[in-house]
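There are 2 protein chains.
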Amino acid sequence: MAKVNSNYGKLADSYLFAEIAKRAATFTRDNPNATIYKLGIGDTTEAITPHVLEGLRRGVEKLGDVRTYSGYGNEQGNKALREAIAVFYTQRGVCLDSSEIFVSDGAKTDSANIQSIFSQDSVVAVQDPAYPVYVDSNVASGRTGEFNKERGQYDDLVYMPCNSENDFVPQIPSNLSGRKFPDLIYLCSPNNPTGAVMSRKSLEEFVGAARENKSIIIFDAAYSWYINDQNLPQSIYEIAGAKECAIEINSFSKIAGFTGVRLGWAVVPKQAVTEDSEAGTLNRMWNRRQTTFFNGASNIAQDGGLEAFSPKGKEECSGLVNYYMNNAKMIRQGLELLNIKVFGGDNAPYLWMQNPNGIGSWEFFDKMLR
Amino acid sequence: MAKVNSNYGKLADSYLFAEIAKRAATFTRDNPNATIYKLGIGDTTEAITPHVLEGLRRGVEKLGDVRTYSGYGNEQGNKALREAIAVFYTQRGVCLDSSEIFVSDGAKTDSANIQSIFSQDSVVAVQDPAYPVYVDSNVASGRTGEFNKERGQYDDLVYMPCNSENDFVPQIPSNLSGRKFPDLIYLCSPNNPTGAVMSRKSLEEFVGAARENKSIIIFDAAYSWYINDQNLPQSIYEIAGAKECAIEINSFSKIAGFTGVRLGWAVVPKQAVTEDSEAGTLNRMWNRRQTTFFNGASNIAQDGGLEAFSPKGKEECSGLVNYYMNNAKMIRQGLELLNIKVFGGDNAPYLWMQNPNGIGSWEFFDKMLR
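Protein chains in written order, with the numbering used here: chain A, 629 to 998; chain B, 629 to 998.
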């Protein structure tokens with residue numbers, strides 16, 4: 629008699645986007661001629677740039693000719709693309725072997741699946757607020773208690789508050805009331821949704837604590853191209869010792885406009901270790917996970933991704949990034965003119981604002997809509 | 629102190645393809661001018677057909693123009709494609725709502741991930757031999773015991789032998805020596821690797837037993853287009869009552885040559901129930917799983933898939949299927965001329981042969997190679 633995974637019963641519904649859609653639909657019905665700018669989901673809107681598009685075109689054309697056709701590729705990604713990503717890291721002063729890079733169909737899948745190679749009883753820490761995927765993937769996999777409606781938090785999950793008092797920079801978990809130090813720590817910088825970027829010093833503290841406690845940091849760097857300030861780290865591997873304790877996840881979505889094309893990568897360094905594993909083990913486990921549960925990113929997407937890392941492609945992608953950063957700047961300036969306090973938008977496309985006069989989020993949403 | 633998922637330690641290495649690659653490499657070194665035909669992995673070799681290629685091209689061109697650009701799509705797949713798949717099923721006499729169809733990046737990922745919505749203590753049954761993904765995904769998720777090297781099998785996994793004595797058709801598990809009837813039963817028909825196809829009667833027996841025991845059948849129909857004999861079911865939903873107890877997985881890989889493009893789908897009917905869930909629950913759980921762990925198949929691949937289901941596209945895909953079936957026929961005839969006993973190849977591209985004179989598999993492999 630089959631039974632379901634009861635952890636799914638713990639998952640709180642994500643009312644947020646459903647409620648946004650409902651209110652927007654009502655408004656549109658009443659105001660059929662109004663144009664709505666949707667600022668809720670961090671999606672891309674601009675066309676894929678000419679040179680990168682050529683890569684996608686070439687990917688398609690190769691499949692139309694039996695002499696260049698390719699079937700199953702390597703689950704870990706095409707060798708040329710893995711090597712191009714390794715070269716990309718050298719510009720950040722980071723040396724990686726291409727066998728430490730795993731091409732995927734995007735940062736969301738990697739963020740969600742990475743927990744599966746760790747022990748079921750791992751204690752997990754997330755920033756608050758956080759990209760819901762870090763939380764939900766661990767809830768569904770049984771690493772949390774029930775959802776506490778009063779607190780709006782899951783039991784047995786460690787939350788690292790990020791708010792205006794700490795400049796939206798997470799603090800290393802302390803005050804654990806007898807609980808063990810977290811085994812898995814999710815960090816997202818530049819942050820979705822607050823737009824805050826972790827400083828070198830702050831990341832050094834996390835790397836130090838992770839090494840001391842033999843914890844693993846899952847570092848989501850999907851927005852790293854949006855960093856203007858050259859003093860801010862774009863990769864966690866710019867921090868000494870990070871290869872021993874950190875997995876980095878990245879994406880072509882917000883670089884090249886690939887949100888619909890689906891392409892990303894994860895770095896699992898060979899030096900990364902846990903309490904019960906030696907160097908190389910985590911890398912081999914992720915390789916086993918990907919070769920068993922995944923069949924490689926689309927070969928068309930990979931041909932496009934390769935062009936995004938060519939000199940011409942990178943120039944184009946920087947143009948896209950500048951476009952989205954200008955949008956953020958415009959919104960920020962507009963809000964500041966109204967004396968609204970705004971965070972982010974300097975080194976990230978995200979803005980996080982303080983509602984004026986203490987009004988609630990939904991009330992402000994309705995004000996914006998109307 | 630982070631620890632790894634210890635179930636990965638149980639996974640037996642897949643020596644098969646590594647050993648094939650090693651022997652082939654040695655041979656190539658010694659015989660640099662020899663052409664090797666690789667018959668090991670069921671990969672596609674023929675170019676994508678003109679009309680389907682047009683779909684892929686259109687998918688790319690849309691992304692190059694801001695007026696037609698699209699970012700994140702629905703995790704469940706584009707509405708038009710889900711509806712086209714539903715129409716495809718009506719030709720098999722099966723009515724499905726498009727909300728029961730979940731587009732994915734291929735049958736491998738769905739086959740591997742589907743177990744995650746079921747209870748950790750589920751008893752799993754697989755055909756022997758079986759596509760390794762069914763086994764390995766459950767080993768990694770902790771549903772089996774250790775690998776028994778002597779038997780070449782995992783403890784606590786139920787094997788349904790498929791051999792020449794039972795025409796490679798699995799029997800409903802019995803002789804369970806006190807163990808409970810399996811909760812999850814993986815069936816692949818047409819079968820990878822044996823080429824056997826389950827009859828209507830045989831599938832009816834499985835559906836009957838699954839309903840009686842409230843078990844769930846995971847039905848892999850990736851090769852269903854290869855069925856010539858109109859008396860053989862192409863979908864498990866052609867069997868009355870199957871919607872209550874079966875999830876079906878399918879793919880564009882072997883229809884349209886999409887092994888590298890990555891596109892497939894899973895059907896989770898609303899009527900499907902387990903011991904502890906009502907109608908609709910499994911469908912909602914898979915929806916939650918896909919929206920949390922996945923971000924949709926590539927929009928380019930989906931535009932190609934849509935054309936594969938157009939009248940012209942279907943005609944082209946049938947041509948591809950015929951090509952691979954002719955290959956199987958040629959190999960079969962050649963082997964039969966040598967008085968070698970061969971199974972499959974009638975309604976599946978796979979052939980399964982009996983080594984002559986009782987020689988071992990690797991000995992025969994070397995004979996073929998040389």
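Bear in mind the hints are in silico, worked out from the structure with no lab data behind them.
This structure is a prediction, so every number in the text was calculated from the model and none was measured.
Treat the hints with care, as some may be off.
Intra- or inter-copy, both count: the list cannot distinguish identical chains.
As the list claims (entries may be wrong) - Simulated pairs of lysine-lysine, DSSO-like, Cα-Cα distance not exceeding 30 Å:
(1) K957 <-> K631
(2) K690 <-> K707
(3) K650 <-> K842
(4) K898 <-> K638
Against the structure, the hints:
Proximity of K957 to K631 under the C-alpha cut-off of 30 Å is found in neither arrangement, the shortest distances being 51 Å within a copy and 43 Å between copies. For the homomeric pair K690 and K707, the shortest alpha-carbon distances inside one copy (17 Å) and between copies (28 Å) are both at most 30 Å. For the homomeric pair K650 and K842, neither the shortest alpha-carbon distance inside one copy (45 Å) nor that between copies (38 Å) is at most 30 Å. Proximity of K898 and K638 under a CA criterion of 30 Å is satisfied inter-copy only: 21 Å between copies versus 35 Å inside one chain copy.
Consistency note: the structure conflicts with the earlier hints numbered 1, 3.
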